[in-house]
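Visitor: One-letter residues, chain by chain:
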Amino acid sequence: MSIIIFSILFCVGFYFFSKNILQVRTNILLGKDIDRIDNASERWKTMALVALGQKKMFTRPIPALLHLCLYAAFVITQIELIEIFTDGFTNSHRFFHSFLGGFYTFMISFIEILSVLALVGTVAFLSRRNLLKLPRLNMKELSGWPKKDANLILIMEIVLVTFIFTMNGADEAILKDQGGSYRFVLSSFISPLIFEGMNLHTLHIFEQIGWWGHLVMVFTFLNYLPYSKHLHILLAFPNTYYSNLDKKGKFTNLSSVTEEVKKMMDPTIDPFAATENEGEIPPRFGAKDVTDLTWKNLLDAYTCTECGRCTSSCPANQTGKLLSPRKIIMDTRDRLVELGEGIRKNGKEYTDGKSLLGDYITEEEIWACTSCNACVQECPVNIDPLSIIVDLRRYLVMEESKMPTELTGMLTNIENNGAPWQFSPADRGNWINE
Amino acid sequence: MSTAFKVSTIAEMMANGESPDILFWVGCSGSFDDRAKKITKAVAKILHHCNVKFAVLGAEESCTGDPAKRAGNEFTFQMQAMMNIQVLDAYAVKKIVTACPHCFNTLKNEYPELGGNYEVIHHTQLIQDLINQGKLGLEGSQTYKGKKITFHDPCYLGRANDVYEAPRVLIEKLDAELIEMKRCKTTGLCCGAGGAQMFKEAEKGNKEINVERTEDALETNASIIATGCPFCNTMMTDGVKNFNKEQDIQVLDIAELIANAADL
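If you read the sequences in order, they're chains S and Y. Just so we're aligned, residue 39 is where the first sequence starts under the working numbering, counting upward by one. Just so we're aligned, residue 1137 is where the second sequence starts under the working numbering, counting upward by one.
Just so you know, the hints here were simulated from the structure itself, not pulled from any lab data.
Okay, derived cross-link-like pairs now, DSS-like style, lysine-lysine, Cα gap no bigger than 30 Å in a straight line:
no.	chain 1	residue 1	chain 2	residue 2
1	S	K288	Y	K1174
2	Y	K1340	S	K288
3	S	K178	Y	K1343
4	Y	K1230	S	K288
5	S	K171	Y	K1321
6	S	K440	Y	K1336
7	S	K440	Y	K1340
8	S	K285	Y	K1309
9	S	K301	Y	K1231
10	S	K392	S	K326
11	S	K171	S	K186
12	Y	K1173	S	K285
13	Y	K1343	S	K185
14	Y	K1173	Y	K1231
15	Y	K1318	Y	K1336
16	Y	K1340	S	K178
17	S	K288	Y	K1343
18	S	K288	Y	K1231
19	Y	K1318	S	K178
20	Y	K1381	Y	K1318
21	Y	K1343	Y	K1284
22	S	K285	S	K440
23	S	K83	S	K285
24	Y	K1321	S	K94
25	S	K326	Y	K1340
26	S	K285	Y	K1231
27	Y	K1173	S	K288
28	Y	K1321	S	K288
29	Y	K1340	S	K185
30	S	K94	S	K267
31	S	K285	Y	K1230
32	S	K326	Y	K1336
Quick caveat: nothing in here was measured; it's all calculated off a predicted structure.
Construct the complete structure from the given sequences, taking the supplied hints into account.
Guide: Written out as structure tokens, the structure reads:
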């Protein structure tokens, strides 16, 4: 009977998870293409250092250590999960115990220690958000769902750890009743404090609550991920793999513009001649909506876990301007989810009259950026808010000619006299003789 | 005060059947801004002193297009870039030095895709090379000995291109005491001028970015704020004025520090 219930849970859990992940993938692929498959060895290295090794987290040591506790516990606990799955399918009990022996005790003990560290980390994270009210974790773009989302994940973590110890503690008590012990480093110590004096039947119930509870939490968590900022635990890996490997100062070249400029500068081309792609709608310059961005921008958006390191290092944000790089990324994701949902229901040609620029991000925000790359530098999973900001500016300037008036003057000066100020090019060498 | 030596344009040099080893890309700020012209002269003095065969483009130089690109106008940027590439290629330029990190970044990273391939270095890197080659000696210079100097990292030199060491090595060569700001190198705070902000009013906020950055510099108690960018220089100078500290604190480019120390 329990094999059947387990199998149903297993299949349903993974079915919905796969379905949602594929939906995320479909949404990401609404973005424009960008070549990020060159230089595989450098990419693997970046992923190993930044995602697996958490290299960039350690610029802020306290949250980095707390995060490491959760991260290590999460990764190592998967070993126990493999056993839970095996037990579930074979209706066995602690399948690995009989043939791993002493190593099994070591492994589970290790998981227990990490779980306690994770618990400490979780409580610390909850306090940082809700009691200490760290500025970067309490900004206005987090009010409502993002704040609930963050707390919910942390609470789920506490529940999960509680189930692990309920299971291990009850198991220890059951074995003790038979005169033995698993010798798990923490639960062999905690078990007598909680389960002492309970009869074998009650202990078995607790053990089953722990086991099934753990399992249900895992599937709940798995299916919650695609709706949560917590998706970073999976997407951090592809996102760092597909990182920008160029210098941060290099902005992308718009090849559609290059074609136009070459024609303008080539006196042999007949300006009135028909072109090959007559009648074709030329691509939009820059980005107005999420579909104008690249798939990497959209992957960035789903990868963001809203930690706010970008925003707390942004010069514009620190001086009270409206711009928050984190909000740019969150807006991109929220708009993508909205548009993706519409397209899923109504087909590829669906439009809702809304756009990322205007309905989500205002012009004031994007004009406050100094393009200093602090946000790009800070992101622990190599998200690039700056490239989105630049693409939004490109749309405004090249498609709508909308920009702060001083910039119109600056651009006119460059076009007329080759300098952002009104000076004659003939005077360029004046410094030599002044 | 004009330079005491002749600075040739590349056209003049070619007319004499010669070609420069390196082109000095002066930039718009270095050509037209009165404060930045002093930095330009300091660089020229150092190059001349070290017998570097260099030339400038003079009237043939034009904006790299950086502010247009950062402002989102790819058309203006690419027009500028392609015209500049035509000029540079016509003179068969191979190597370029510039005292502006914005020109540096654009020429180095964004021109290659449009067909302009040059070896581009920042003036702090070139000066470091010259010292390493023994062409420029600062031994025994008392000018900045023991002075407290802090270095403000220009974003387009530091984070954008990972050049953090060259300017710092040069400050140490002055026998000065380099004091880092709490935010420096990868975590350095912008002066507020990048991304075409130099040419517009800041958006509504509660503080100017250059004031925030100047506070970092003041905390170090340094008597000199060194930088390697004409825009940062303007922003930091304004920031110092904002605190009425212009009598106590100088804002100088690394090139000026070196030229002064070498008594050029």
